[in-house]
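**Student:** One line per chain: the protein sequences are A and B, in this order.
The first sequence begins at 1 in the UniProt record's numbering and counts up one residue at a time.
The second sequence begins at 1 in the UniProt record's numbering and counts up one residue at a time.
Any given hint could turn out to be false.
Keeping only pairs whose Cα atoms sit at most 27 Å apart, straight-line, the calculated BS3-like set for lysine-lysine is [claimed, not checked]: (1) B:K611 to A:K143; (2) A:K206 to B:K510; (3) B:K89 to B:K508; (4) B:K508 to B:K236; (5) A:K4 to B:K366; (6) A:K206 to A:K217; (7) B:K356 to B:K331; (8) B:K89 to A:K121.
So these bits of chain A aren't anywhere near chain B, every CB distance computed over 12 Å [stated by the list, open to error]: (9) K6; (10) Q18; (11) R76; (12) R92; (13) D103; (14) S105; (15) T118; (16) G126; (17) E127; (18) A166; (19) P183; (20) E214; (21) K217; (22) N221.
The hints are simulated quantities; they were obtained by calculation from the structure and are not laboratory data.
Every residue, glycine too, gets a C-beta built ideally from N, C-alpha and C.
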Amino acid sequence: MGYKAKFRVWRGEGGEGQLEDFTVEVNEGEVVLDVIHRLQATQVPDLAVRWNCKAGKCGSCSMEINGRPRLGCMTRMSTFEETETITVTPMRTFPVIKDLVCDVSFNYQKAREIPSFTPPKDVKPGEYRMQQIDVERSQEFRKCIECFMCNNVCHVIRDHDENKPAFAGPRFLMRIAELDMHPYDELDRKESAQEEHGLGYCNITKCCTEVCPEHIKITDNALIPMKERVVDRKYDPLVWLGSKIFKRSGV
Amino acid sequence: MERHEYDVVVIGAGGAGLRAAIEARQQGKRTAIICKSLFGKAHTVMAEGGAAAAMGNVNSDDNWMVHFRDTMRGGKFLNNWRMAELHAKEAPDRVWELEEWGALFDRTKDGKISQRNFGGHEYPRLAHVGDRTGLELIRTLQQRVVALQQEDEREHGDPEAFIKVFAECTITRLLKDGDAIAGAFGYWRETGDFIVFDAPAVVLATGGIGKSYVVTSNSWEYTGDGHALAVLAGAKLINMEFIQFHPTGMVWPPSVRGILVTESVRGDGGVLRNSEGRRFMFDYVPDVFKDKYATTEEEGDRWYTDQANNRRPPELLPRDEVARAINSEVKAGRGSPQGGVFLDVSSRLPAAEIIKRLPSMHHQFKELADVDITQEPMQVGPTCHYIMGGVEVEADTGAASVPGLFAAGEVSGGMHGSNRLGGNSLSDLLVFGRRAGLGASAYVDGLATRPSAADVTDAKAEAVAPLERTGGENPYEVHHELQRTMNDLVGIIRKAGEISEALQVVEKLKERSKNTGSSGSRVYNPGWHLAIDLRNMLLVSECVARAALLREESRGGHTRDDFPVMSADWRQKLLVCSAAPDGSGVTVEEKVQPSMRGDLISLFERSELEKYLTEDELAEYDAAVKES
């Protein structure tokens, strides 16, 4: 059943490193993360990799497998030829701490820059009433497991560190969309999405959607609608006037 | 060495830890949150089914008293009844408050929070979001922490002025000043540098111990850190013999063995069958539950649409019953090809409905096992899931016996008795996370002086030791042997001889673990981290095995082949573990549970209590009923 696979894994710390070759046993049904763990247990005990749930639910084991951003725990070994050399590298957009572990603090910084959910003050806990159909749009975005692979793959920052200060990345632009579509959120987020969080940088190449392990349609359902809302607001004088006259009831 | 001063240090950033930290910060305390993983990755994300709270949105007959009764029954009346009472009363408020912080639960037709059926719950009670409720909970609490930080930034110019997250940081020792807590010592995973927290109050919220078992639904973090830290600091653990084996974990492929298959599959209509196609759970309804469960498939099926006139199907018995039944079927040779039984939802619901209600199960089986659950049955078997035992705490405040030490969530003991109902964990961590945060804050307010900074020389030497041993034993091998031992000898069905054998192995492994070494630097070195975690896993495993050996009855998450019957005398007794500060000399003592308050025990029928209580206790019950 088992066979010996050829792995090429990026190893290093402190800004330096190289790809190292390993031959390692693979058994039926295993995923890439299993093989990384076997390397740890048998050959390189200090090989650094993040992981938690091993079931695609926590978004910890993001890595690049043969150049594609993937969750190590959800990448079956059976998707590769037995003779193939499998190259595993850390996410490219974030600084490497060691081996496959990156410094993802960029994402936590951005999370803190997005104003939080702002409900009306007069609705008490237990009094929220929302229809399923109205929560489903935001629920799709709340499926996000924060693996940060969308931010990793996005060309706006992948090879352009200089764009990082001005761009929240797909993950957090989607968070803005999520809040904007929340039936009870009262904040107007359109202008800040464009002006402060860099929505305009996105030119909808859909790379983020392609790598999302939760299959969230980030571009179609979050970023494009958000762009449309921004445009509506910016160029439609009636919408602009309406937004000034009628306060959103929130319900 | 990096040193910080806080009012409250919360160890663990799952649901209980975050809720405790939010409360402490809301009470104006300077609060540190310490997590082994990145912020937002804790094991709570794995909770799938929902949070149990008697809101009565789907069935208006539900209320806290029904929830209380279900919880006590599920725990076979060994629960700390005060905790069960507080939990049932406060869970609705804790769930509603999440909505105010941005959570989006699935809705009923009239726009309220929808509630689903689950094992052991009389009415649909679990607030949920598809089958990813834990993720919603952790994200909401995480975002609440961020909201508080934004508030602090506006007010004080520093988002971390009052609440700060120390991510990928592991605590290895609690520090004391005399008898009381004085802080915590640990290391940064990223750099291997040490870090010290000086604080009068510490809240443990570190979750469970599943990584002492091979087949488990738990992540690597579940190494019993909080349990061990508490014992080493002089606190006591109770109920450690009670471990929940969730009946439905994946069994194939081998690399995913143990990963959870949510109980919602059964709550939403899924059935268990053996290799002969029989719905075998009808053969396993124990006497104590006989009148509450359907006796025919027809009645069980009708229950999903008409709960007033039918009894629930036995697939929805509490988890301990279902896990034992599956174990027996497999042992009797009626298992599935890969050593489990069949869990089928494909013949029960339309494909689109399955994908809507159980999206992550559909995804998980498709991606990891090449099984389409809308077309064919899953194969499932028991997996180590949850420890009912934990730090002995005061129900109202979460305070442990060591002044300044608090615990909430899975690391605390008592609330769930001998077996936890599904859905009672997410609500537990909200209710008691908040209470521990309040308890810790009140404790700090009541102090005349702060503890003086503790010496960390020993803690430092202990942590660095594995790195200094060259050519020491491979920690991964010691860990693996522990996992096999606990799985095989102190697993779902136990015998005195096997438990004693396990204790001998654990003793040897303790010696070997003192010789484990790790090569490489201090920077993000998993081998070193595991060598440190082994101390905790071994200590906790010893507590589990010693308590399991003493309890000569079968109840909930503790089944003794040599003592198969539940005993009313044992129901009154708790087993309390303690140890020396170096982890040696683990002792287990019996302690008598206080009797249930009159107004609470009167919520039950005498005929039901007769199955659990001694004659003397029944006399107390009669007196209580007379009085009311």
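**Student:** Is the hinted pair K89 (chain B) and K508 (chain B) satisfied, with a Cα-Cα distance of at most 27 Å?
**Tutor:** violated (46 Å)
**Student:** Over 12 Å to the closest beta carbon of chain B is the bar; see if Q18 (chain A) clears it.
**Tutor:** Since the minimum Cβ distance to chain B is about 16 Å, Q18 (chain A) lies beyond 12 Å and the statement holds.
**Student:** Given the proposed pairing of K206 (chain A) with K217 (chain A), does the C-alpha separation stay at or below 27 Å?
**Tutor:** Roughly 9 Å separates the two Cα atoms, so the pair holds.
**Student:** Could you grab the alpha-carbon distance between K206 (chain A) and K510 (chain B) and see if it respects the 27 Å cut-off?
**Tutor:** violated (53 Å)
**Student:** Can the restraint linking K4 (chain A) and K366 (chain B) be considered satisfied, given a maximum Cα separation of 27 Å?
**Tutor:** holds (25 Å)
**Student:** Against the 27 Å threshold, does the CA-CA distance of K508 (chain B) and K236 (chain B) hold or violate the hint?
**Tutor:** This hinted pair holds, its Cα atoms lying about 24 Å apart.
**Student:** Take a quick look at S105 (chain A) and tell me if its Cβ sits farther than 12 Å from every Cβ on chain B, holds or violated.
**Tutor:** Violated, because the least Cβ-Cβ distance between S105 (chain A) and chain B comes to about 9 Å, which does not exceed 12 Å.
**Student:** Holds or violated: is the Cβ of G126 (chain A) farther than 12 Å from all Cβ atoms of chain B?
**Tutor:** The assertion about G126 (chain A) is violated, with a minimum of 4 Å to chain B.
**Student:** Has the given pair, K356 (chain B) with K331 (chain B), been kept, meaning a C-alpha gap of at most 27 Å?
**Tutor:** violated (35 Å)
**Student:** Taking 27 Å as the top limit, are the C-alpha atoms of K89 (chain B) and K121 (chain A) close enough?
**Tutor:** holds (25 Å)
**Student:** For K611 (chain B) and K143 (chain A), compute the direct alpha-carbon distance and say whether it is at most 27 Å.
**Tutor:** The hint is violated at about 45 Å.
**Student:** Hey, is K217 (chain A) genuinely clear of chain B, shortest beta carbon separation above 12 Å?
**Tutor:** holds (14 Å)
The earlier numbered hints that this structure contradicts are 1, 2, 3, 7, 11, 13, 14, 15, 16, 17, 19 and 20.
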